[in-house]
Amino acid sequence: DAKTTQPPSMDCAEGRAANLPCNHSTISGNEYVYWYRQIHSQGPQYIIHGLKNNETNEMASLIITEDRKSSTLILPHATLRDTAVYYCIVRDTDKLIFGTGTRLQVFP
Amino acid sequence: KAGVTQTPRYLIKTRGQQVTLSCSPISGHRSVSWYQQTPGQGLQFLFEYFSETQRNKGNFPGRFSGRQFSNSRSEMNVSTLELGDSALYLCASSLGRGYTDTQYFGPGTRLTVL
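Heads up: the sequence lines are chains A and B, in that order. So the first sequence is numbered by the working numbering: it starts at 145 and just counts up by one. So the second sequence is numbered by the working numbering: it starts at 728 and just counts up by one.
It cannot be assumed that every hint is accurate.
Part of the chain A face toward chain B, derived, beta carbon under 10 Å [what the hints assert, rightly or not]:
| # | residue |
| --- | --- |
| 1 | C156 |
| 2 | N174 |
| 3 | H193 |
| 4 | R235 |
| 5 | I241 |
| 6 | G245 |
Because the hints were derived from the structure by calculation, they are not lab data. Glycine residues also receive a C-beta, built at the ideal position from the N, C-alpha and C atoms.
Given only the sequences and the hints, what does the whole structure look like? Please build it.
Structural data, given as structure tokens:
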């Protein structure tokens with residue numbers, strides 16, 4: 145079973161920041177938080193991952209709380225192309241266990 | 728670098744037939760994982776291959792099998808197809824050193840069983 149809880153859907157205005165929350169209250173010390181997104185039945189696209197420090201790359205920022213029980217994925221300037229299902233995954237094995245994700249709708 | 732490629736992209740089969748799907752990983756990647764995505768069950772892990780050996784297996788019946796070749800390319804086979812096997816089959820590749828290695832997904836093969 146997935147170890148994460150995400151809201152089923154969120155809306156965001158184009159050009160604004162999209163903040164996607166994820167709860168992982170049972171995370172253990174060696175488990176990483178990974179984020180993927182899937183645009184309309186394409187293959188999931190890797191976004192970012194982290195262990196305990198905040199991370200940033202060209203796509204997004206990942207903020208992990210100090211107790212590591214939750215995290216937030218931030219898309220700083222959402223565009224219509226960011227409309228997708230976003231999956232937060234807690235990982236300590238070679239396999240990815242996907243939950244149901246958050247469907248982010250970016251509107252003009 | 729070229730991404731993960733999967734062939735064919737679309738496939739239509741009838742019940743009872745068998746099917747073989749192919750996955751070519753990113754150059755230098757030695758691990759290939761397979762996933763099934765259906766509307767009802769979401770994305771589920773099938774199995775993972777590393778250096779031609781199955782390293783992990785999900786909870787799927789024995790009709791689902793796979794293999795990996797010495798060049799890291801992988802195939803999965805589904806025998807005696809059932810209607811419920813209609814799904815998007817995804818493969819992902821990684822360096823294979825462990826769970827901190829990022830998996831990169833291909834575009835998937837859409838299988839329809841009639």
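Results for each hint:
A hinted interface residue such as C156/A counts as satisfied when its beta carbon comes closer than 10 Å to some beta carbon of chain B; here the least separation is about 23 Å, so the hint is violated. For N174/A, the suggested interface contact is upheld, since its CB lies about 9 Å from the closest CB of chain B, less than 10 Å. Annotation: interface hint on H193/A holds; nearest CB of chain B at approximately 7 Å, less than 10 Å. The beta carbon of R235/A is positioned within 10 Å of a beta carbon in chain B (closest approach about 6 Å), and the interface hint is therefore held.
Using the Cβ-Cβ criterion of 10 Å, the hint placing I241/A at the interface with chain B is satisfied: the shortest such distance is roughly 7 Å. With 10 Å as the threshold, the beta carbon of G245/A comes within range of chain B, its nearest partner Cβ sitting at about 8 Å, so the hint holds.
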